[in-house]
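S.K.: So the chains spell out like this:
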Amino acid sequence: MARVVDFISIMLLFAAGAAFALGVHALGDQRDLKALYWLAIGALVLRGATDALRPRGAR
Amino acid sequence: MVALELPKKSHALVSIANVLLPGLYAWVTTVAYPASHRGAPWPARAAALSALVLLALGPVVAFNRPALGRAVGMLGFVALCLLTWIFLGSLLNVDRLEPVRAGLGGIGWALFGLGWGTQRRVGTIPEDDPHAIFGPPLAARDRLPFGALIVFGASLVGAGVVLFLAWRVTRAEDALLAQCVALIAAIALVGSGARVALDRGKWKPLAPRARINAAARPLALAALLLALGFVWILLR
Chain F
1 MARVVDFISI MLLFAAGAAF ALGVHALGDQ RDLKALYWLA IGALVLRGAT
51 DALRPRGAR
Chain L
1001 MVALELPKKS HALVSIANVL LPGLYAWVTT VAYPASHRGA PWPARAAALS
1051 ALVLLALGPV VAFNRPALGR AVGMLGFVAL CLLTWIFLGS LLNVDRLEPV
1101 RAGLGGIGWA LFGLGWGTQR RVGTIPEDDP HAIFGPPLAA RDRLPFGALI
1151 VFGASLVGAG VVLFLAWRVT RAEDALLAQC VALIAAIALV GSGARVALDR
1201 GKWKPLAPRA RINAAARPLA LAALLLALGF VWILLR
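Note that the protein sequences, when read in sequence, are chains F and L. Each step along the first sequence adds one to the number in our numbering, with nothing skipped, and position 40 is 40. Throughout, our numbering is defined as the position within the second sequence, counted from one, plus 1000.
Mixed in with the good hints, there may be bad ones.
[Said to hold, decoys possible] Cβ pair distances, simulated, as ranges: (1) Ile-1133(L) / Val-4(F): 34 to 44 Å; (2) Ala-1102(L) / Leu-36(F): 46 to 56 Å; (3) Gly-1103(L) / Leu-36(F): 24 to 34 Å; (4) Phe-1164(L) / Ala-2(F): 33 to 43 Å.
[Said to hold, decoys possible] Partial selection, computed: residues in chain L whose CB lies under 7 Å from chain F: (5) Gly-1160; (6) Val-1162; (7) Ala-1166; (8) Leu-1189; (9) Asp-1199; (10) Ala-1215.
[To be verified] Stretch by stretch, here's where chain L covers chain F in the computed footprint (C-beta under 8 Å, at least three residues): (11) 16-28; (12) 41-48.
None of these hints come from the bench; they were simulated from the model. Ideal Cβ positions, reconstructed from N, Cα and C, are used throughout, including at glycine.
With the hints as constraints, model all of the structure from the sequences given.
M.R.: What follows is the structure, encoded as structure tokens:
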């Protein structure tokens, strides 16, 4: 199960990268709302990727 | 005695040249050239000349007082170059810049930064350093998790793609914003990629459910945003 969570974490990292790329791409196409949308999703997914790996407060 | 002194002097000359040559190149292409334009204000020219003086002074001072030398030659030089650009104002508009010269100037600045670094002198032995720790080589405490290099490499490639896409933004008023956004996204991707690549084995003792729960809030928000996006597409 731990390996599955690790795999999900890696996939989330890739998804975040793709979302950031879509966001910056949309910015280039002058679609500001779409850019904001994808950048926000990228930030949230990236946070999810690191939180799934190392929960906050864990030592 | 002469044979001993000569390498020291040549090393000193090489380290001064390492800083001076790229710094001079960066200064000529990105500071002196725009400051020499007709119509450049005199404070910009004065700041540019002062920057050159500090550039030359820094490596010389650094031989006896390294911290002061770095402050003068690196921080002082960069600060005065920035001041020059501020005084130049509209003379530095994007439409007036020549891309090749600006790009070469950027390389000069990168080499200037590297020139201030230190490297091991030719012929010296690391163990001769008084700070060297003797004894058997220290063994690594752990091994990299499986696929760490692939995950980190992929995050680096992703960061590169985001930075590359930012150059597609051609509107002058949005280009800087796109570069900032891309830079922040790239830093976040590389930072998180390194964490995901290296720390995987470290937190395995934690229950997988606890790890999923920890990520639930940001992922739920992301899912909500995605769902809203789909609804928006359907409604249009």
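S.K.: Now, for every hint given, state plainly whether the structure supports it.
M.R.: Taking the hints in turn, this is what the structure says about them:
no. : hint                                : result
1   : Ile-1133(L) / Val-4(F): 34 to 44 Å  : holds (42 Å)
2   : Ala-1102(L) / Leu-36(F): 46 to 56 Å : violated (30 Å)
3   : Gly-1103(L) / Leu-36(F): 24 to 34 Å : holds (31 Å)
4   : Phe-1164(L) / Ala-2(F): 33 to 43 Å  : holds (35 Å)
5   : Gly-1160                            : violated (10 Å)
6   : Val-1162                            : holds (5 Å)
7   : Ala-1166                            : holds (5 Å)
8   : Leu-1189                            : holds (5 Å)
9   : Asp-1199                            : holds (6 Å)
10  : Ala-1215                            : holds (4 Å)
11  : 16-28                               : holds (count 10)
12  : 41-48                               : holds (count 8)
The structure shown violates the earlier hints numbered 2 and 5.
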